[in-house]
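Enquirer: Single-letter residue listing:
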Amino acid sequence: MLVISCIKQVPDTTQVKIDPVTNTLVREGIPFIINPYDTHALEESLNLKDRFGLRAVALSMGPPNTEATLRKAAALGVDEAILLSDRAFGGADTLATSKVLSAAIERLNDQEEVGIVFCGKQTIDGDTAQVGPGIATRLGFTQLTLVDRIESLDLVKKKIRVRRKLEGRHEIVEAPLPVMITVVRELNRPRYPTVPMRLMAQETEVKVWDNSILKLDATTVGLKGSPTWVSKIFSPERDQGEIIGDGINDPVGTANLLIDKMVDKDMLAV
Amino acid sequence: EEKQLREMLARYRGVWVFIEQYDGEAAKVSWELLGTGAGLAKTLGVELSAVVIGDHVGHICGEAFAYGADQAILLDSPVYANYRTQPYADAICHLVEKHRPEVILMGATGQGRDLAGAVATVVKTGLTADCTGLGIDDKRNLMQTRPAFGGNIMATIMCDKFRPQMATVRPHVMQMPERKEGRIGRVVRETFAPREEDVLVKVIEVLNDKDGKDQVDVAAAEIIVSGGRGLMNKENFSMLQQLADELGGVVGASRSAVDAGWMPHGRQVGQTGKTVRPKIYIACGISGAIQHMVGMQDSDVIIAINRDPEAPIFQIATYGIVGDLFQVVPALIGRVRSMKSQRGGTEPERVAV
Ligand SMILES: Cc1cc2nc3c(=O)[nH]c(=O)nc-3n(C[C@H](O)[C@H](O)[C@H](O)COP(=O)(O)OP(=O)(O)OC[C@H]3O[C@@H](n4cnc5c(N)ncnc54)[C@H](O)[C@@H]3O)c2cc1C
Ligand SMILES: Cc1cc2nc3c(=O)[nH]c(=O)nc-3n(C[C@H](O)[C@H](O)[C@H](O)COP(=O)(O)OP(=O)(O)OC[C@H]3O[C@@H](n4cnc5c(N)ncnc54)[C@H](O)[C@@H]3O)c2cc1C
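Order-wise, the sequence lines are chains A and B.
Each residue of the first sequence is one higher than the last, beginning at 34 in our numbering.
Each residue of the second sequence is one higher than the last, beginning at 2 in our numbering.
Any given hint could turn out to be false.
As the list claims (entries may be wrong) - Listed below are the simulated DSS-like cross-link pairs for lysine-lysine, each with C-alpha atoms no more than 27 angstroms apart in a straight line:
hint, chain 1, residue 1, chain 2, residue 2
1, B, 140, A, 294
2, B, 99, A, 298
3, A, 198, B, 29
4, B, 99, A, 265
5, B, 341, A, 257
6, A, 198, B, 235
7, A, 192, B, 203
8, B, 280, A, 294
9, A, 82, A, 257
10, B, 99, B, 43
11, B, 162, B, 181
12, B, 43, B, 203
13, A, 192, A, 82
Calculated directly from the structure, the hints in this document are not laboratory data.
Isolated chain A (complex conformation) (with noise of 0.2 angstroms):
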């Protein structure tokens, strides 16, 4: 049986700029890492593959540069490590992305089964929580979000339970397999890559699929296939503040300045 995880290349969020010029994201110089989330979905996986001896399959859609994430990835120990990679999937949002990850775990399943496919909670760039609903979706699988633990698996009656974390609560459910899951953090630890296994990822082979042999009506992925588009992109506004007395030579002043205003303006009633 195969579990997967999708891995997401994402830039490291804080040092995304706009061109003031152009208006659009600067790019250019920005280290990649593995989406944080992400780590613990691969994490998962490899935990399943080692307590199960179930295969384990990392999937990336992005440009060709994202074969360096997927490496990372097989140093950690997958089986196998498929980049769905073609011009054609370009500029996609939500809808199209799960288009083209649940093709090729679609693709996958046609060889041997799938029981478990991981995404992240949500990524740290667009940051919607939104492709593995999709992904489930388009699947039939059964979707189970925000899981914070795995409380069993049965792979003879094929049925998972799992802990969710949801907001001032915590869930514990139960599906037959096949199931989506979408992790939080506190899910797992995520493992170091080893000298050995490091030395050995160099040698594994990434796969990359394109749309030869994914054969997805190009309509339906990429810019094309995606119903939502970015129509405008701008740096938030902040209003700058106001610096009250001086702090350091005068803390107690400074203290009492700030109470007084916010009592004239209203602001607190003491």
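Using the hints, position chain B with the ligands against chain A.
Expert: This is chain B with the ligands only, laid out in the frame that chain A set:
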């Protein structure tokens, strides 16, 4: 082709808000969305509908009217007792096909995000996540503005060739509408309900985190005193607690303080914590990383105390104090206490003297 598109779009009318509920109690974000939805419906000249799904949830329709809905579409059946993706998504898809709304809003909560992503995929339409601003352009299309890249940039997203246009909105981002008791509306009862045998997921147990654990909900507080790495250790947070107690507020924290184990995760404010919108937010020893600011920048009044005049938090602060928090915070506590005692409070010192 253009004409066909326009005809298709014209078949969809009305603004819907999905009312999220647990055990018959609606989530506040749903009322915030009714406030936003009312504005959109008015601009579009259409009705605002609340979609209420659950078991024994008829009373929620009345509340939805009080918060501004013209109509409530109600699905009431035991199969909807606990939220589960499949029956809820099937239900909404059925309702969408039948009534064809042009806009659907849901909370960007665990439940709302789980549901919206599934529905949009079946309906084959666009879904914009975590919107902070919603408006209508001159062609009746929804303009959806949202932060991305952890809040470093804002983007306006359009979905002008598909209907319904779907968006999720985070709690506390939109204003709460006024509740008008006695306002009435029309209840449309629907009967669609899958059989329990056909629902694959079973909820085994619900664990309420409030039992025993941290009782404080920072997201609901009107005054928050937050601490960051500048607090140096766990013990120093008791100083913030004193200030919070004096002001009638609660203590929050940056992720650095939470990761260091000084405060529980439930107190974390920011991108991966809670979004808050209190009347007063006091940031002590917090630098103002973008991931923190996206969680608190909509607070009515922001006060920053930091010894580094270049700290980014000062850019969004209403009032900033450049200084050592270990001097400033005790001084604030002292001032508030002395004001209270002057106004004839029952402070022990006063009685003692
Ligand atoms: C500024 C901006 C705003 C955007 N807003 C929207 C929007 O509101 N709605 C919309 O539909 N699209 C939006 N997009 C497009 C969206 O970010 C991309 O389509 C992206 O391909 C997937 O969305 P995400 O990053 O939000 O992933 P999420 O849905 O947050 O990802 C969840 C999980 O899915 C998996 N996953 C996601 N992408 C991949 C991948 N390429 N390969 C492997 N696994 C993956 C990972 O496990 C990940 O943790 C926006 C893009 C930009 C630049
Ligand atoms: C994907 C992602 C998600 C994240 N999510 C969140 C989130 O939800 N919430 C969050 O908060 N962060 C989040 N972060 C982390 C964020 O980037 C910052 O690292 C974090 O907010 C910094 O916390 P801080 O301000 O407490 O610490 P620092 O940045 O170290 O700032 C400490 C500040 O205290 C000041 N200071 C020190 N001593 C004193 C003193 N005696 N008196 C006065 N001032 C003093 C210093 O001048 C400094 O400005 C996230 C990061 C990533 C990558």
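Enquirer: Would you pick out the hints that fail for this structure and give their numbers low to high?
Expert: Structure breaks hints 1, 2, 4, 5, 9, 11 and 12.
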